[in-house]
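Place chain P on chain L using the hints.
The residues making up each chain are set out below.
There are 2 protein chains.
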Amino acid sequence: MIIREIVMARVNQEYREGARERIIIAAINVAIEKGWEAMTLEAIAQKVGVSIPALYSYFRNRDALENEVVNRVIQIHLDEFIAALSRDGDIHRIIQNYADLIFIHQARHVNIYSLLPIRFLNDPMMHGKVADSMTAELDLISNCLTRAKSRGELKKYLDVEESAQLISSLTAGIMLKLIFDSQINERIERKRWIMGVERILLISRDPDRADVQ
Amino acid sequence: MIIREIVMARVNQEYREGARERIIIAAINVAIEKGWEAMTLEAIAQKVGVSIPALYSYFRNRDALENEVVNRVIQIHLDEFIAALSRDGDIHRIIQNYADLIFIHQARHVNIYSLLPIRFLNDPMMHGKVADSMTAELDLISNCLTRAKSRGELKKYLDVEESAQLISSLTAGIMLKLIFDSQINERIERKRWIMGVERILLISRDPDRADVQ
Chain L
1 MIIREIVMAR VNQEYREGAR ERIIIAAINV AIEKGWEAMT LEAIAQKVGV
51 SIPALYSYFR NRDALENEVV NRVIQIHLDE FIAALSRDGD IHRIIQNYAD
101 LIFIHQARHV NIYSLLPIRF LNDPMMHGKV ADSMTAELDL ISNCLTRAKS
151 RGELKKYLDV EESAQLISSL TAGIMLKLIF DSQINERIER KRWIMGVERI
201 LLISRDPDRA DVQ
Chain P
1 MIIREIVMAR VNQEYREGAR ERIIIAAINV AIEKGWEAMT LEAIAQKVGV
51 SIPALYSYFR NRDALENEVV NRVIQIHLDE FIAALSRDGD IHRIIQNYAD
101 LIFIHQARHV NIYSLLPIRF LNDPMMHGKV ADSMTAELDL ISNCLTRAKS
151 RGELKKYLDV EESAQLISSL TAGIMLKLIF DSQINERIER KRWIMGVERI
201 LLISRDPDRA DVQ
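Chains as they are written, first to last, in the working numbering: chain L, 1 to 213; chain P, 1 to 213.
You may find that some hints are simply not true.
Computed list of lysine to aspartate or glutamate pairs in EDC-like fashion (alpha-carbon distance at most 16 Å, straight line) [to be verified]:
#1 Lys177/L with Glu137/P
#2 Lys177/P with Asp132/L
#3 Lys191/L with Glu153/P
#4 Lys191/L with Glu137/P
#5 Lys129/L with Asp181/P
#6 Lys191/L with Asp181/P
Honestly, the hints are just simulated from the structure, not real lab data. Remember, it's a predicted structure, so these values are computed and weren't measured experimentally.
Looking at chain L on its own, in the form it has when it is part of the complex (with noise of 0.2 Å):
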């Protein structure tokens, strides 16, 4: 009888946490379709086919699922992130992995990710949990450069920090065109990117610059 119930309880606990799982996922979901605005509580229980009351059972209010969600977003963005800056190659074929990141994984979110920023302006806890992963951002692609600088890919004397901030604020540029105009090519989007890294890292191959000079 006990074993029963303790196994009752586990099912039940890991049913809960599949049912929150899906919440999750489908307010997720709900944002990248129609952006945040649109993450409704009845649009996320359409979505999930629930009642709103039964998502109540699961999260305390909006705020706190809302919360969830943003966490969510911000850990599947930064382990994209990792994924794509850890793959093995030259810094060449990482800025090409680090372009297919933005332009076809994130282009995709832009309307999340990108907008958690201005979306959460106002709200200081969340405006933190921004910064946190913007700073986590930054040190992936300075350990990246650093790396890379070890391999002797990069100029000895290149700033990583510096060049690191560049290629961020360049990139934050480029998504928040991307938001603004929906009529963009990405894939001419994409290219002026990996020239501007390039640049940036002083590896661009524009024609050798000793016979112009």
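Here is chain P on its own, set in the frame of chain L:
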């Protein structure tokens, strides 16, 4: 008698134009001090020292006023931009002027001009205005780079359009950081921005490449 009426009508019209102007300036100042969200009719009326019904005698409704405020902010921004980029000097001098514009003049207005695209993300008319002002800004940068190139200050193979786009995205990314993080050191960001622009334009004054490669 007729002349007196004409004179009075003109005086009245000038008075009304002066009042409209004071209202627009007051609205901009409210937005600068407290952000777009705070630009309520109450706050504007208080700033000008008139009643809310008096505001309605100059502007049909809040949208009409907001519309004129956005036009004015865009116009001020472009005028400052034209002034900074058209002053005499070589490309390094122009970059310094541009940096002053961004990090001194515009940094003060960062919560209004830079937040325009975001604030009006879902308003097609405002959206169009901001897009037009971005195109105008890009053209100004391109023209400026073309002139520098014709003076022999930039490499012959430098792609002016691409470089202008990269500079514009880098700037937008840094402005976003300024909005997001009030703790930012503008002097450091300014120096970094100049470094980024010089690298994009392939005129960075980093140590001679030849001796480290």
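**Report entry** Numbered hints the structure breaks, given as an ascending list
**Finding:** Numbers 3, 4 and 6, in rising order.
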